[in-house]
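Peer 1: One letter stands for each residue in the lines below.
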Amino acid sequence: MILVLFGVSLVVFTMMMLLPPGQRVSIYVNSDRITPAVMDAMIAKYGLNDPAPVQYFRWISNIFHGEFGYSITASSPVLDGFKRFFPVSLELVLLAVPLIILTGIFLGTLGAVRKDTPVDHFTRVMAIIGFSLPTFWLGLLLLMIFYGFAGIFPPSALSNDMRNVVFGADFHRYTQLFTIDGILNWRWDVVWDSVYRMILPAFNLTVINSALIMRLMRSSMLESLGQDYIMTARAKGADRRTLFRKHARRNAMLPVVTISGITFAELMGSMVITETIFDRKGIGWWMAQAALQLDVSAIMFDVLFLGTVYVVINLIVDLIYAWVDPRVRLS
Amino acid sequence: METKTDQSHLKAMHPRLRELLFTLRRFMKNPLSVIGLSLVVIFGLIALLAPVLQPPKYADPYKIPHTGFRAQPSPPSAEHPLGTMQQQYDMLYGLVWGTRSAFRIGVAVVAANLLIGIVLGLLAGYFGGALDEIIMRITDIFFAMPFLVVAMALVVAVGRGLKAVVIVLIILGWPSYTRVLRSDILVTRGKDFILAARASGASHLRIMFTHILPNALYSVLILASLNIGTTILTAAALSFLGLGSETGTADWGQIISLCRGWILGTAGNPFAYWYVVFIPGFVISLFVLGWNLMGDAVRDVFDPRMRRR
Numbered sequence: 001m002i003l004v005l006f007g008v009s010l011v012v013f014t015m016m017m018l019l020p021p022g023q024r025v026s027i028y029v030n031s032d033r034i035t036p037a038v039m040d041a042m043i044a045k046y047g048l049n050d051p052a053p054v055q056y057f058r059w060i061s062n063i064f065h066g067e068f069g070y071s072i073t074a075s076s077p078v079l080d081g082f083k084r085f086f087p088v089s090l091e092l093v094l095l096a097v098p099l100i101i102l103t104g105i106f107l108g109t110l111g112a113v114r115k116d117t118p119v120d121h122f123t124r125v126m127a128i129i130g131f132s133l134p135t136f137w138l139g140l141l142l143l144m145i146f147y148g149f150a151g152i153f154p155p156s157a158l159s160n161d162m163r164n165v166v167f168g169a170d171f172h173r174y175t176q177l178f179t180i181d182g183i184l185n186w187r188w189d190v191v192w193d194s195v196y197r198m199i200l201p202a203f204n205l206t207v208i209n210s211a212l213i214m215r216l217m218r219s220s221m222l223e224s225l226g227q228d229y230i231m232t233a234r235a236k237g238a239d240r241r242t243l244f245r246k247h248a249r250r251n252a253m254l255p256v257v258t259i260s261g262i263t264f265a266e267l268m269g270s271m272v273i274t275e276t277i278f279d280r281k282g283i284g285w286w287m288a289q290a291a292l293q294l295d296v297s298a299i300m301f302d303v304l305f306l307g308t309v310y311v312v313i314n315l316i317v318d319l320i321y322a323w324v325d326p327r328v329r330l331s
Numbered sequence: 001m002e003t004k005t006d007q008s009h010l011k012a013m014h015p016r017l018r019e020l021l022f023t024l025r026r027f028m029k030n031p032l033s034v035i036g037l038s039l040v041v042i043f044g045l046i047a048l049l050a051p052v053l054q055p056p057k058y059a060d061p062y063k064i065p066h067t068g069f070r071a072q073p074s075p076p077s078a079e080h081p082l083g084t085m086q087q088q089y090d091m092l093y094g095l096v097w098g099t100r101s102a103f104r105i106g107v108a109v110v111a112a113n114l115l116i117g118i119v120l121g122l123l124a125g126y127f128g129g130a131l132d133e134i135i136m137r138i139t140d141i142f143f144a145m146p147f148l149v150v151a152m153a154l155v156v157a158v159g160r161g162l163k164a165v166v167i168v169l170i171i172l173g174w175p176s177y178t179r180v181l182r183s184d185i186l187v188t189r190g191k192d193f194i195l196a197a198r199a200s201g202a203s204h205l206r207i208m209f210t211h212i213l214p215n216a217l218y219s220v221l222i223l224a225s226l227n228i229g230t231t232i233l234t235a236a237a238l239s240f241l242g243l244g245s246e247t248g249t250a251d252w253g254q255i256i257s258l259c260r261g262w263i264l265g266t267a268g269n270p271f272a273y274w275y276v277v278f279i280p281g282f283v284i285s286l287f288v289l290g291w292n293l294m295g296d297a298v299r300d301v302f303d304p305r306m307r308r309r
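Chains as they are written, first to last, in our numbering: chain W, 1 to 331; chain L, 1 to 309.
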């Protein structure tokens, strides 16, 4: 696990070394008011022409000291930018992930239980279509139909009025998440506005990402329905409901747990497109800007952060797996 | 009588060929796979016949001709069957030659991925030990990185443009093949016929290429078919974000990116420019759908648990 993170840091560092020293200076500065003469001095000062291993260890030690540099696109130090952008993404992910997982499990189970019926064929075809749609196109179509034509579900994370409320004086931002803070401040208009604006992007993410879980759930459910213990339960007279819910689905959920964890981790990375289209200023949007404007420090921080999220979530999934599956728990 | 001779003829064939025929017959029975195959074939024909369908106007055929600089897209007309995009780029021309670029990108990336993936997977799966450990940890690292973010950053570092996109997708795309092939090989490696081959003195290379690879190759090829679609989606996403080809290049992602500003239409007519938003995305979706349906069908056909029922 640590090894993987070390590897990620190496890859990120290699990526950075592809750029000229002038662009790498930004990792070490804390403001954007730097003149060219100062920059040359800084390149020398921070040893950006030193041998690569020396630079790597210097960079890593900076990271362990919590110094991530300055981000041009956030016009603030990277960490401040992250604190501003991350909650916007987290909020959407927290809404979308349960939707994705539940849709996937529900439709997958339905397909397996009604195998080879029109319901099964329909859900399978829908899954393949959902899997084939470009995220950006579906997002644009949704915006065109709902926002452009019907005038509902506008883009961006909050309306201007609500933004004034949230960033106003007597609104306490406990968690930085608009919905939770809205509840804690007893401002239900903020909560509503925030959720209202998340519906379309969440729907977009669900259509495209639930296909994988759905297919996995279907095949895994089919497999567990073919097991001997299902036959036993059926012979003992269990009704279909108990059979499907208690005997088959519980076992079929195991591989789905793994994929769900990965979905969560990958969603953070795939927010780039969704946030760009729906104009939500989260880390995905930030990364798109950072990549376009060569904001090296922001990209490096984000890749490291998402790598860490991925590794930690995989660890959690392993733990859940051990807890859910008695065979793993006992061995 | 005739069927009988047919049967004996079948029996005389190489077992692998017979298996292939059987598989093909199963494949053609599934309506979804036929749809998928037809879509891919149609797109293939469009790509091949692009110079005939839409004769190029410039020396570089991938540059879309445009008649004027007016910002507003114009609707389908006799001159422009699918309408024009902003700055009067012809939509049909862009889509037809875009099909060609899509095939070029998809095939180049997936073929290179396959090659790297298969070689590393073979090495890891067959030899095991420290080599296996090193290769698999490297794939772990690749899986732990946010794909799109790293791809964006790398494209910028390599220096924008379609070529950069292809190079980056090749660098980032191989680990899934290595993983799948390795796990397949681990299963095959323990089989008795491998032991027999080894006992009869076959070399490592011979065992790898004539005994192990053919038996483990199917799942990798299915993955490749599914990945052509995904590769095109990623390439289009990168172009959409402004990292791919230049404005006016016949490349689907670029076309959508050029059209993304027109979702709102005019006052009183909210769907005024629906065609520039709908058509290019629809074409990409059909292309990806074709490959996905095909890969999916091939998987079902090859899956021993699903066949012979």
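By construction, these hints were calculated from the structure, which means they are not laboratory data.
Every value quoted in this text rests on a predicted model; they were computed, and no experiment measured them.
Using N, Cα and C, we set each Cβ at its ideal position, and we do this for glycine too.
Among the hints, erroneous ones may be present.
As the list claims (entries may be wrong) - Listed below are the simulated SDA-like cross-link pairs for lysine to any residue, each with C-alpha atoms no more than 20 Å apart in a straight line:
no., chain 1, residue 1, chain 2, residue 2
1, L, Lys29, W, Asp116
2, W, Lys115, L, Gly261
3, W, Lys281, L, Gly261
Unchecked claim - So these bits of chain W aren't anywhere near chain L, every CB distance computed over 10 Å:
no., residue
4, Leu133
5, Trp137
6, Tyr147
7, Thr276
8, Asp302
9, Tyr310
Peer 1: Each hint: holds or not?
Peer 2: Evaluated hints:
1. L:Lys29 <-> W:Asp116: Satisfied, since the Cα-Cα distance of roughly 15 Å is no more than 20 Å.
2. W:Lys115 <-> L:Gly261: violated, 43 Å
3. W:Lys281 <-> L:Gly261: holds, 18 Å
4. Leu133: violated, 5 Å
5. Trp137: With a cut-off of 10 Å, W:Trp137 comes too close to chain L, as the shortest Cβ separation is near 3 Å.
6. Tyr147: Given a closest Cβ separation of 8 Å, the condition is violated.
7. Thr276: Non-interface label fails for W:Thr276: nearest chain L Cβ at 7 Å, not farther than 10 Å.
8. Asp302: Label violated. Min Cβ-Cβ 6 Å, cutoff 10 Å.
9. Tyr310: violated, 5 Å
Hint check: violations occur at hints 2, 4, 5, 6, 7, 8, 9; the rest are consistent with the structure.
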